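Novice: First to last, the sequence lines map onto chains G and Y.
Just so we're aligned, residue 1 is where the first sequence starts under our numbering, counting upward by one.
Just so we're aligned, residue 1 is where the second sequence starts under our numbering, counting upward by one.
These aren't lab readings, by the way, just hints derived from the structure by calculation.
Predicted, not measured: the structure shown is a model, and the values here were computed from it.
A few of these clues could be false.
Since copy identity is lost for identical chains, a pair holds within one copy or between any two.
Capping the alpha-carbon separation at 25 Å, the derived lysine to any residue pairs in SDA-like fashion look like this [to be verified]: (1) K298 - G255; (2) K203 - G31; (3) K203 - A230; (4) K140 - R280; (5) K203 - D53; (6) K203 - A26; (7) K142 - S113; (8) K203 - T77.
Next come the chains, spelled out residue by residue.
2 protein chains.
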Amino acid sequence: MNHQVRLAARPSGLPRPTDWSFATEAVPDPGPGQFVVAVSHLSIDPAMRGWMDARPSYIPPVEIGAVMRAGGVGRVTASEHPGFAVGDEVVGVFGVQEYAVSGGQGVMKIDTSLAPPVTYLGALGMTGFTAYFGLLDTGKLKPGETVVVSGAAGAVGSVAGQIAKIKGCRVIGIAGGPQKCRWLTEELGFDAAIDYRAGNVRKALREHAPRGVDVYFDNVGGEILDTVLANLAVGARIALCGAISGYNDMRHPLGLRNTTNLIVKCGTMRGFLVMQFAARFGAAIAELAAWAAAGTIKSEIDVVEGLENAPAALRRLFAGENLGKQLVKVAAP
Amino acid sequence: MNHQVRLAARPSGLPRPTDWSFATEAVPDPGPGQFVVAVSHLSIDPAMRGWMDARPSYIPPVEIGAVMRAGGVGRVTASEHPGFAVGDEVVGVFGVQEYAVSGGQGVMKIDTSLAPPVTYLGALGMTGFTAYFGLLDTGKLKPGETVVVSGAAGAVGSVAGQIAKIKGCRVIGIAGGPQKCRWLTEELGFDAAIDYRAGNVRKALREHAPRGVDVYFDNVGGEILDTVLANLAVGARIALCGAISGYNDMRHPLGLRNTTNLIVKCGTMRGFLVMQFAARFGAAIAELAAWAAAGTIKSEIDVVEGLENAPAALRRLFAGENLGKQLVKVAAP
Numbered sequence: 001m002n003h004q005v006r007l008a009a010r011p012s013g014l015p016r017p018t019d020w021s022f023a024t025e026a027v028p029d030p031g032p033g034q035f036v037v038a039v040s041h042l043s044i045d046p047a048m049r050g051w052m053d054a055r056p057s058y059i060p061p062v063e064i065g066a067v068m069r070a071g072g073v074g075r076v077t078a079s080e081h082p083g084f085a086v087g088d089e090v091v092g093v094f095g096v097q098e099y100a101v102s103g104g105q106g107v108m109k110i111d112t113s114l115a116p117p118v119t120y121l122g123a124l125g126m127t128g129f130t131a132y133f134g135l136l137d138t139g140k141l142k143p144g145e146t147v148v149v150s151g152a153a154g155a156v157g158s159v160a161g162q163i164a165k166i167k168g169c170r171v172i173g174i175a176g177g178p179q180k181c182r183w184l185t186e187e188l189g190f191d192a193a194i195d196y197r198a199g200n201v202r203k204a205l206r207e208h209a210p211r212g213v214d215v216y217f218d219n220v221g222g223e224i225l226d227t228v229l230a231n232l233a234v235g236a237r238i239a240l241c242g243a244i245s246g247y248n249d250m251r252h253p254l255g256l257r258n259t260t261n262l263i264v265k266c267g268t269m270r271g272f273l274v275m276q277f278a279a280r281f282g283a284a285i286a287e288l289a290a291w292a293a294a295g296t297i298k299s300e301i302d303v304v305e306g307l308e309n310a311p312a313a314l315r316r317l318f319a320g321e322n323l324g325k326q327l328v329k330v331a332a333p
Numbered sequence: 001m002n003h004q005v006r007l008a009a010r011p012s013g014l015p016r017p018t019d020w021s022f023a024t025e026a027v028p029d030p031g032p033g034q035f036v037v038a039v040s041h042l043s044i045d046p047a048m049r050g051w052m053d054a055r056p057s058y059i060p061p062v063e064i065g066a067v068m069r070a071g072g073v074g075r076v077t078a079s080e081h082p083g084f085a086v087g088d089e090v091v092g093v094f095g096v097q098e099y100a101v102s103g104g105q106g107v108m109k110i111d112t113s114l115a116p117p118v119t120y121l122g123a124l125g126m127t128g129f130t131a132y133f134g135l136l137d138t139g140k141l142k143p144g145e146t147v148v149v150s151g152a153a154g155a156v157g158s159v160a161g162q163i164a165k166i167k168g169c170r171v172i173g174i175a176g177g178p179q180k181c182r183w184l185t186e187e188l189g190f191d192a193a194i195d196y197r198a199g200n201v202r203k204a205l206r207e208h209a210p211r212g213v214d215v216y217f218d219n220v221g222g223e224i225l226d227t228v229l230a231n232l233a234v235g236a237r238i239a240l241c242g243a244i245s246g247y248n249d250m251r252h253p254l255g256l257r258n259t260t261n262l263i264v265k266c267g268t269m270r271g272f273l274v275m276q277f278a279a280r281f282g283a284a285i286a287e288l289a290a291w292a293a294a295g296t297i298k299s300e301i302d303v304v305e306g307l308e309n310a311p312a313a314l315r316r317l318f319a320g321e322n323l324g325k326q327l328v329k330v331a332a333p
C-alpha cells in the first residue's frame, strides 16, 4: 500500500493537525513513459508553508485533497520510461507519500558513490544550490567582505555561511539559542554567531560588524532583516531567500522601517528563487561536491522518522527546532 | 550685503520658522584660489530635509548656525581662481545666501546658449541626472516595459517619466490631485496618471498595470512603495530615489509589509545617490540637452521669489504644492 499525507484545509497561521489528512492507496503501476519511485527521505522546507496558501505565487498552490508537495529521494521500483531503470536512485518532487508515479520531469539521477542519497536533498541539492546562487549571484559576494546569514543553523543558512568562509569572507551567523550558536562557531567555522533569542541583535551586529554589513543572506525577514537594514555598508547587497518569521503570521506584522537606508548606502535588496539558476545546477554541484569531499562544507541532517510525522517535522522548522537540514525518513515499505 | 538663511535648530518633523535664522554679512572677498558667486536661483530639494538632521548620512549634516546647504546657479563677481573669471555663469552648492565664496570644488561652468541658467538646476542638472541614472542604470529600463513613477509631477519624477516615454515604455505617474495628473497625461505624455489623494492606488495600479510593474522609480517611499511592491512583474526593478513621505514623520510609521513579494517575483529594490554616477554626468548632459532641445523633455519650474522665502519653498515640497522643479529666485543684489 501507498501511504500519503494530503492537504485537508488551508491553514490560518501555523498548520494544525486538522489541516492534514492521511490516505492509503494501492501502490501505483507506471503507465507508458512513467516510472514509480519508492521514496526513502523527504525534504522538509519552509517553502512548503507557502504552497499551502491559495494565493498566487511562483508555483501553483497545492490543491485541497491533493498529496502535499515535497522534494524527496528514492529508488525506482518499476519503469516504463526509457531513461529510468529499476534500481536507479533519484531526486525529485515526489510528494509526501511512499510511492510516486513520475514522467521524469524535474527528476535527476544521483551518484550515490559521491555522497549518500540524503545529501542530494541538502548540500548537493536544492538546499546547496539555494545557498550557492543566492550568495554568489544574488549577493555578489567578494572576498574579504563582511557577510551576515540569518537562519544560520538551518539547512540553507549553514551551507551559505560555509561557502562565504570558503570565499574568504568574515561570516556572522544569526540563530536561535546558545547551542546553535556554538555549533556555528565551533563546528562550522563561522567567525561569530548572534543569538537572536538572547536579545539585542542590533547591538551585537554593531559589535561584530562595526563597518557595516556588505552581504546579508536573509532567510527570516521581519525584525532581523530590518535590523540588518539599519547596519549596511556602502554598496551592500541583501539576498532575500526566505522570510520564515512571517510565514505563519496572520496579524500582518509591522513592516520594514529601515529600507530608506538602502538609498543612503546605495544598497540592493534582491529576491531570488533557486529555479532561476536551473541551467547552472550542473556547475554548482561539481563545486559543491568538491567542497563536501574536502570537508570544507559540512552538511548536517536532522531526521524525523515516519511519513506520518511529516506535519510535525514541518512545525519543527517554524519552532526553530531543527539543526541543519530537516528530513523525514519514510518507513521502509 | 550678503543675506543668508542659516540653520538655527534641528527640526522635529516638518521644519518650523524657529528652525531657521536670518543673517547679514558683508559680501565676502575671494582669497587666493577662490572666487565669489552672486547666486541668482536656489534649487529646493527634498534631500535638504535630511541634511538638517544630526544623524550620519551620505554627507555630513548642516551644522547648527551654518548657512543652509543648497544647490544654486549664479555669476562670478570676483575671482582669484585661474579657472573661473568674472562673468562666468556657474552651477554648484552655494548655500542659501546671496553671495558664496568657492574654491571651485563641485562647481561647473554652464553654457547659457544651450539653455537658461535655471535649467541647469533642473533637467540639465542634478535633477536630470538623478532621473537619467536612476531609471537607466539603477532601474535598468528596457523598451516596452511598464514603468511607474511616484512624485511624478515633481522635478525628478517628471523628467524620469519623460525619459521612460522616450525609451519606448508605458509610463504611469502617481501624483497628488487632478491638476497634476492632467498635466502628466496631457502635457508630458504619460500614458496614465493615478491621483493618490483620490484613494485606491492599489486598484488603480491593477487597472493600469494588469501584468505588473517592471520598473518603479520611487520618490516617496511609505504606503505607495508598499502598494507597488504588491504589484510587481517577474524580474521587477525598484529604483529608490527618495522617500519624501517619511522625511518629516517622527512617529516612525508602519513599515513595508510586501517586501516578501521581491522573493516571489525575483525582484530587486536598489537605492542610489546621483553622485555615484558623477564620472558620467558629461555623457548624460549631452543626451538630456538633445532631448530638451527636441522638446521631448519639458522642464517645468516653479519659482518662489526671495531668499527669505526659501524655508517656505521647502515646505511646499512636503505639502506637494510644487509642479516641477521648485526654485527660489534670489532678489537681485
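Novice: Which numbered conditions among the earlier hints are violated in the structure presented, ordered from lowest to highest?
Specialist: 1, 2, 6, 7 and 8
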